[in-house]
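Work the whole structure out from these sequences, hints included.
Chains as they are written, first to last, in the working numbering: chain A, 9 to 340; chain B, 228 to 552.
Please note that the accuracy of each hint is not assured.
[Said to hold, decoys possible] In silico contact screen, one side only, chain A against chain B (beta carbon under 7 Å); selected entries:
| # | residue |
| --- | --- |
| 1 | E62 |
| 2 | N208 |
| 3 | H226 |
| 4 | L228 |
| 5 | A229 |
| 6 | A232 |
| 7 | A254 |
| 8 | L256 |
| 9 | R257 |
| 10 | H258 |
| 11 | Q271 |
| 12 | P272 |
[Said to hold, decoys possible] In silico BS3-like links for lysine-lysine, alpha-carbon gap of 30 Å or less:
| # | chain 1 | residue 1 | chain 2 | residue 2 |
| --- | --- | --- | --- | --- |
| 13 | A | K42 | A | K306 |
| 14 | B | K372 | A | K42 |
| 15 | B | K372 | A | K306 |
| 16 | A | K217 | A | K152 |
I should point out that these hints are in silico values taken from the structure, not numbers from a laboratory. In this text, a Cβ means the ideal position worked out from N, Cα and C, and glycines have one as well.
One-letter residues, chain by chain:
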Amino acid sequence: MREDVVSSGLRVEGLSVEYAAKRGLGRTRGDTHKALADVGFILPTGQTLGVVGESGSGKTTLGHAVLRMTPVSRGRILWDGVDLATLSDRDLRPYRRQMQLVFQDPYEAMNPRMSIGRIIAEPLLLAYGLDRHARREQALRLLKQVGLDESLLGRRPRALSGGQRQRVTLARALATAPRLLVLDEPTSGLDVSLQARVLNLLRDLQTDKGLSYLFISHDLAAVAYIAQRLLVLFQGRVMEQGPTDALLRHPAHPYTAALLAAQPSAVPGRAPKDPAPAMNPVADPVPGACVYYQWCGKALPRCRMEAPDLTSLGADHLVACHYPGHETTSIH
Amino acid sequence: MTTDGLTLAVSGLTLGLTRDRRARPLVEDLSFGVARGEMLAFVGESGSGKSLTAAAIFGLLPAGVQRIAGSIRVNGSELTTLSERRLRAWRGRDMGLIFQNPLTALSPSVGVQAQIAETYRVHKGGTRDAARARARALLAEVGLKALATGGDSYPHQLSGGMRQRVMIALAAACDPALIVADEPTTALDVLIQAQILDLLARLQRERGLAVVFITHDLRLAARYADRILVLYAGRAVEEGDAAQFFTAPRHPYSRALRDAIPTIPATGGRLTEIPGQPPEPRALPAGCRFAPRCPNVGDDCRRTEPAMTFDGTRFACLHPCAKMS
Ligand SMILES: Nc1ncnc2c1ncn2[C@@H]1O[C@H](COP(=O)(O)OP(=O)(O)OP(=O)(O)O)[C@@H](O)[C@H]1O
Ligand SMILES: Nc1ncnc2c1ncn2[C@@H]1O[C@H](COP(=O)(O)OP(=O)(O)OP(=O)(O)O)[C@@H](O)[C@H]1O
Ligand code: SF4
Ligand SMILES: [Mg+2]
Ligand SMILES: [Mg+2]
Chain A
9 MREDVVSSGL RVEGLSVEYA AKRGLGRTRG DTHKALADVG FILPTGQTLG
59 VVGESGSGKT TLGHAVLRMT PVSRGRILWD GVDLATLSDR DLRPYRRQMQ
109 LVFQDPYEAM NPRMSIGRII AEPLLLAYGL DRHARREQAL RLLKQVGLDE
159 SLLGRRPRAL SGGQRQRVTL ARALATAPRL LVLDEPTSGL DVSLQARVLN
209 LLRDLQTDKG LSYLFISHDL AAVAYIAQRL LVLFQGRVME QGPTDALLRH
259 PAHPYTAALL AAQPSAVPGR APKDPAPAMN PVADPVPGAC VYYQWCGKAL
309 PRCRMEAPDL TSLGADHLVA CHYPGHETTS IH
Chain B
228 MTTDGLTLAV SGLTLGLTRD RRARPLVEDL SFGVARGEML AFVGESGSGK
278 SLTAAAIFGL LPAGVQRIAG SIRVNGSELT TLSERRLRAW RGRDMGLIFQ
328 NPLTALSPSV GVQAQIAETY RVHKGGTRDA ARARARALLA EVGLKALATG
378 GDSYPHQLSG GMRQRVMIAL AAACDPALIV ADEPTTALDV LIQAQILDLL
428 ARLQRERGLA VVFITHDLRL AARYADRILV LYAGRAVEEG DAAQFFTAPR
478 HPYSRALRDA IPTIPATGGR LTEIPGQPPE PRALPAGCRF APRCPNVGDD
528 CRRTEPAMTF DGTRFACLHP CAKMS
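Here you go:
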């Protein structure tokens, strides 16, 4: 990637997050589990980076790490050139307003006893200490911005539909006029008609306000709609990264291809003949091998001996595979 | 529709609130059938009545909701007149139910092998050893070889996808004729989702199961089901062959559901939203229930509730979409 591209926006380099390993399964105390290993990407202002991968691949961890909501073991998080990873909590505060998280499960993130108006206005109170009248005014403006009726202001979260709740979380996240939103599965609990509404809204907000999105999802179709670039994670490592269109038309990594094959297509037909690859955890990783080796339908002997580096396929397209895009007959 | 030879035949099913008998029904005059070895998908927005219909088939309606009219036959036997005790014998033995969240159906304190073995013994009898062997074979069949051998595992030790496989093994334990799966993969990622649905489709084919698959994703319905039934505000609005349905839906609501789905690669344009929201059961509009949101609406739609007609698919609409769209 070119050095000069990003002076404004987000640039992440060599980001690693380690958690204490769960015990059992032959692990001992003090072991760590690498939830993210050496992740890097660029997110230019006003654009969307889609983060995809199966459950447990590290998507939420990545979103939280960027917002410094989870401790970072190594790496740099450059926001307009400032490394957020090194800032103290105090120095971080002005940046926190500029970056907001929209949760995976809006209902769990809401206090069921608070009115919608209070839920939306709370960040305004915390960040700017606005008085009641000003907060109400702002809450109304935010509600309108996400296409909700002002009659919802006095209601409780329970009285809202899933799509309405998702838009309330969005309104709340917009309260501090952020520049970056980390959207963690913002549409996965919604039915198709509500999903379409939320995705359209996100696009409009991006165009109007020049927002940048880190859009986390395992639904490739939703990601394809909203993201210019894609980052594919597997077990905390980047498998492939590049322009959305190129990745989805010609996936270079077998894991990207597997995700794509599992995606319910809009083209009717009976269930595919090749079953989706089994992603259940297998015993222990093979030391020195490619992380995807045990799951890969295209693995050759080299994959067992040598872990592939992330290498360029040109035009900002990176892949961690010895045989990108090749048809090989697996040794498995 | 003839009900001969159908594994599941539902006709005129109407469900409503127990307390307010004059309120409009939550599910109205619903009729459909599923044959042996066939998968029928129910598709519709949240609140359209998919889960209530599933619950009614199993005699498990929530408190406050009752069956007002209609017949439910499994392998030719009427279930609505059975006593609770007889019905309980049918459930688990002849028909299995799979929920979105397997933890609501699995006991947390009993190992999964033991749970499947127990279900089998209750319905089919036999020795404990035979039941345990059967449980192990089932776990292997649903792709959980690690759980089939060695010691037993508790549900909380398993991933979401593994739990849902256990649910399928449990539902299939007694060789049922019918399985109803209510949003079985909504909580899972796409890879696991594909595995679970591939598994269900395989059992359907290999064992000749009749399957009702409930989802709000028309793509999944088109990929796995033989036929699709679209529900809107408690009524069937269209039913037809899955492939044909997807390429040429006749009801404007079916078409709207299809067009709201993003495609890969993206087309670049905006997604088509369905304006407004489905009506509350308390405030159903006069005439066609979809009229306030419908792009094809005419004056007649606000007066007349359209009846089911057949033209390629079965649909209930006064101004249907063109045959090829
Ligand atoms: N607080 C924590 N302590 C220890 N391990 C954790 C913690 N949070 C996450 N993990 C582990 O880190 C890995 C990545 O988890 P993460 O939640 O980021 O995945 P994800 O891609 O968001 O998955 P999902 O799609 O299920 O939300 C998993 O193996 C998870 O078990
Ligand atoms: N116990 C209940 N008491 C009263 N009304 C109920 C009850 N359960 C469901 N309903 C109503 O019946 C209608 C149909 O609900 P149902 O749960 O069948 O919808 P669904 O299609 O399964 O929706 P979803 O996609 O959200 O699961 C809704 O209007 C719902 O509010
Ligand atoms: S009957 Fe009329 S309102 Fe109802 S779906 Fe058909 S065209 Fe639309
Ligand atoms: Mg997550
Ligand atoms: Mg339901």
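Checklist entry - What hints, given by number in increasing order, does this structure fail? => result Hints 7 and 10 contradicted; others consistent.
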